[in-house]
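Visitor: Sequence:
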Amino acid sequence: MPFPSAPAVARPAVILVEPQLGENVGTAARAMANFGLDDLRLVNPREGWPNDKARAAASRADHVVDRVRVYSSVAEAVADLAFVYAATARSREVAKPVVGPREAAGRLRAAAAAGIAAGIL
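If you read the sequence shown in my numbering, its first letter stands for residue 1, the second for the next number, and so on.
To be clear, the hints were calculated from the coordinates, so they are not data collected in a lab.
Between beta-carbon pairs, the in silico distance windows are:
(1) Ala110 / Trp49: 31 to 37 Å
(2) Glu23 / Glu93: 29 to 35 Å
(3) Ala87 / Glu47: 21 to 27 Å
(4) Lys53 / Ala113: 33 to 39 Å
(5) Lys53 / Ala82: 30 to 36 Å
(6) Ala95 / Lys53: 37 to 43 Å
(7) Pro50 / Asp80: 20 to 26 Å
Glycine residues also receive a C-beta, built at the ideal position from the N, C-alpha and C atoms.
Please put together the full structure from these sequences, using the hints given.
Guide: Printed below as a string of structure tokens:
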């Protein structure tokens with residue numbers, strides 16, 4: 001269950017882009033629930049949505065799975081967010097500022113305190 005002390009606007013959205021397996025979506029939902037997050041957004045999930053494998057892997061995070069929203073583009077998925085942090089294991093030639101996880105977490109906390117909608121991509 002979400003932590004009752006955390007206002008809904010303060011929790012960041014989590015966006016998964018083209019997740020390949022329903023199980024990955026379900027385990028992401030479970031991890032989110034462990035931290036009081038419940039806004040999971042999918043961009044073009046390969047196995048479609050809704051997905052029984054995701055629900056089975058979610059293990060007590062049905063409230064997150066029930067709220068999943070599906071989008072056809074990243075732009076649509078983040079349209080209502082003031083800022084988004086992206087994470088990747090791939091090396092890229094990108095002219096965007098890079099911050100580590102601790103700094104990003106601090107910025108997300110500051111946004112939450114200010115009531116600013118944010119996301120993790």
